[in-house]
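From first to last, the protein sequence lines stand for chains A and B.
As numbered in numbering that gives the first Met the number 0, residues 0 to 453 make up the first sequence, in order.
As numbered in numbering that gives the first Met the number 0, residues 0 to 453 make up the second sequence, in order.
Derived from the structure by calculation, the hints contain no laboratory data.
Just so you know, not all the hints are guaranteed correct.
Since the list gives no way to pick one copy over another, a pair counts as held whenever it fits inside one copy or between any two copies.
To be verified - No farther apart than 27 Å at their CA atoms in a straight line, the calculated lysine-lysine pairs in the DSSO-like style are these:
hint, residue 1, residue 2
1, Lys73, Lys7
2, Lys403, Lys328
3, Lys328, Lys400
4, Lys19, Lys328
5, Lys94, Lys73
Number of protein chains: 2
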Amino acid sequence: MTKPSIPKGTRDFMPADVAKRNYIFDQIKKVFTTFGYVPIETPTMELLATLTGKYGEEGDKLLFKVLNNGDFLKDANKEALESLQSQKLVSSISKRGLRYDLTVPFARFVVMHQNEISFPFKRYQIQPVWRADSPQRGRFQEFYQCDVDVVGSDSLMYEAELMQIYHDVFRSLGLNVNILVNNRKILFGVAEAAGIADHFMEMTIAIDKMDKIGRDGVIAEMLSKGISETSAHHVLDLMSKKTLDELKEAFANSETGQKGITEVENVFALTGESVPNLVFSINLARGLNYYTGCIFEAVLDATVYPELKMGSLGGGGRYDDLTGTFGMKDMSGVGVSFGAERIFIVMEELGLFPENTAKDIDVLFIALDDESHLTGFKWLYQLRQAGVACDMYPKATKMNKQMKYANDRKVPYVAIIGESERISGSVSLKNMETGVQQVIPFTGLLNTPVSDWV
Amino acid sequence: MTKPSIPKGTRDFMPADVAKRNYIFDQIKKVFTTFGYVPIETPTMELLATLTGKYGEEGDKLLFKVLNNGDFLKDANKEALESLQSQKLVSSISKRGLRYDLTVPFARFVVMHQNEISFPFKRYQIQPVWRADSPQRGRFQEFYQCDVDVVGSDSLMYEAELMQIYHDVFRSLGLNVNILVNNRKILFGVAEAAGIADHFMEMTIAIDKMDKIGRDGVIAEMLSKGISETSAHHVLDLMSKKTLDELKEAFANSETGQKGITEVENVFALTGESVPNLVFSINLARGLNYYTGCIFEAVLDATVYPELKMGSLGGGGRYDDLTGTFGMKDMSGVGVSFGAERIFIVMEELGLFPENTAKDIDVLFIALDDESHLTGFKWLYQLRQAGVACDMYPKATKMNKQMKYANDRKVPYVAIIGESERISGSVSLKNMETGVQQVIPFTGLLNTPVSDWV
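This is chain A alone, in the form it adopts within the complex:
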């Protein structure tokens, strides 16, 4: 018998981890709800026709494909079979894949249910996704995503409220973040000003790597993509401008660039004091190419956490054509996501989970004889009916064995019942932290909130 295991890159979640993750999600959901976003859920499996081609060539390779059921070889591509061409064979033996992100399923959902929902449609979605990436420390093949989007309006009101959501969520979690904002139109303005509008995407992808490869690396990448040295340096020169006002002059001849500036200014005007940590950052590029307007990223405030190295805790932006690939045009949307895995790690490291997040029971009953066990079991139910989380060791076995169980479960109180307690209708309540032990009537315990127990 081999030792059982689980697929690489996947995880079992122990009770404390489930509780902590749910704490994060509950805080997030509470904010989403006050902002008028409602939850949807989509199936784990989507048709490969829906998923394929949406995440680039690399993404297609990382899709988990589900084998058709039954005699799947019956309809298999014979030529691919004979020549052992795996990738060519796939579509004939697999028609379903696992959800790779929440954006494509959301687009598919909007198109399929367009007659059942009212636009602007504000939804959030918190579900796991799967990617066949090589697992690394902190990178898994199964992980939760948490997205909040609104589609069906191009109003900047939504950019502004999403910034308020970022601010409110991270504040509620106790995390100090800066929220970086830029605009794809500003980046296009930079490209136009540098005379490389036709290399906009290559420029954006290069800029996106600034943190990793530095100024020289970005220039080298631009050169390798056919951008001239003059233009590359012009781009970097523009990127050194820190304020919107400095850029305005440079965008004298770029209508798009000016529009981008106006959009970002409007977001600042709309958020005002409600999002004091919103920061314009021209270096923010966000590699994915479907964004068309404002782009965002939430990063830890390095002045507060100089020691903590962690990438962004979330990001997002405006996309003008979410659903076009499914045949529904002109559906503008904007959304952000929360990097639940990273938020978890950071909160764990900073000790930000409230002490009782992973609480098990409040009290464990310990019976010293069989009759006391029966009495204890009855009391247990009364206490549970009162909403107190409690439990009992299953047998009136040796005291130290029962106390070990209480310790293993990190129980704050034990209620010991022996003959004398039973006869007097009492328990010996022991505070496991202070060691204080006192005999109190069970009815007293029942009528006292746990927070008032000594």
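Chain A is fixed; fit chain B onto it per the hints.
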């Protein structure tokens, strides 16, 4: 462009459905928690080595298998490929499958984490599972299961508390159920008394179909399995006994049968008045063959709902060897599950979801001009900070368009802001149900709980 769709047997969940399902799960979790059960989660994909052979030959066929990534044909079974034998090929091109239930992953979890958990280990698990069944009305390929189990003790205390959990959960959901209890040892006693101990499993499977095929059908099935006519009639004769006392006599020569009776009696003694709807039912068999002691089923009380035809809303029992297949012996456990899909349908049909379960926002702001829109957006944030779920139409467009949006979102109140309201710092609050409309200062709105709005 073809219309996008989702795999057969899967579903998108609209916001109201997510909210209702979460209402059920929240009620269930609240009870689980007071009884000292803690949540775990296991990966969506398990190794096929873990899953295969655990659900019978039929079950193996219903497993969704995930294709290995990359050049999966490289290691494919050449013989199976050439002879086009799909089932023979599977294990060489797929090493992962989707979770089929929560029991096998739990057993695997217990074995893998045996040194991190304390026994008795009480866990609950609420996650989707996947089965390649032919989809039918009410039967899906992806659906939630909700299991609660304790392993590492054979104490009947746990049988008793699981019955209390059934009782408390269904009461909290507003459903009147009967909880049927039987014991596999009693069924073995029946087999012994009828002289067919060697046909115990065949007899049990036949009895399990009583509701579907009737007495004659059960007898016919037993005959077809090599049970004599005399024995078959003897079984049915014993099955007609309604009380434990009647059975005791018949079990004079069956030690196992007597033990089963004692166990059920003890469960009744332990639960007492706390589970008034616990009913002994000798007809209860539960087809799956891993149960070894008490077995349970929760069914709607037909006297309360004579019109509602619905199978069991949950079931479970004692199994003496959960983890043996993974090399860990003598791990007795007992658990029950809740049929979340059926509970949802029944509650929907009976109108048992609280009115505000699927509530969206409390109030929608409607601005009549651009300046009022800016004012409204500021007020919106203040109201959200006060915990009120609210929203605003993205533009100061025509009143009727904004009112239509409010109606579509079933908003209970709209707060209209035109020039006069803005200047006086007020809104015209309209109750969408009563039609009552009144001008009130925004600060008044902010300081009044929504439940007190007129």
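Right, here's what the structure says about each hint:
When the C-alpha separation of lysine 73 and lysine 7 is checked against a cutoff of 27 Å, the pair qualifies only between copies, where the shortest distance is 20 Å, while the shortest distance within a copy is 31 Å. In the homo-oligomer, the alpha carbons of lysine 403 and lysine 328 lie at most 27 Å apart only across protomers (23 Å), although the nearest pairing inside one protomer, at 64 Å, exceeds that limit. Proximity of lysine 328 and lysine 400 under a CA criterion of 27 Å is satisfied inter-copy only: 21 Å between copies versus 67 Å inside one chain copy. For the homomeric pair lysine 19 and lysine 328, neither the shortest alpha-carbon distance inside one copy (40 Å) nor that between copies (32 Å) is at most 27 Å.
Proximity of lysine 94 and lysine 73 under a CA criterion of 27 Å is satisfied in both settings, with 14 Å inside one chain copy and 21 Å between copies.
Hint compliance for this structure: hint 4 is the single one not met.
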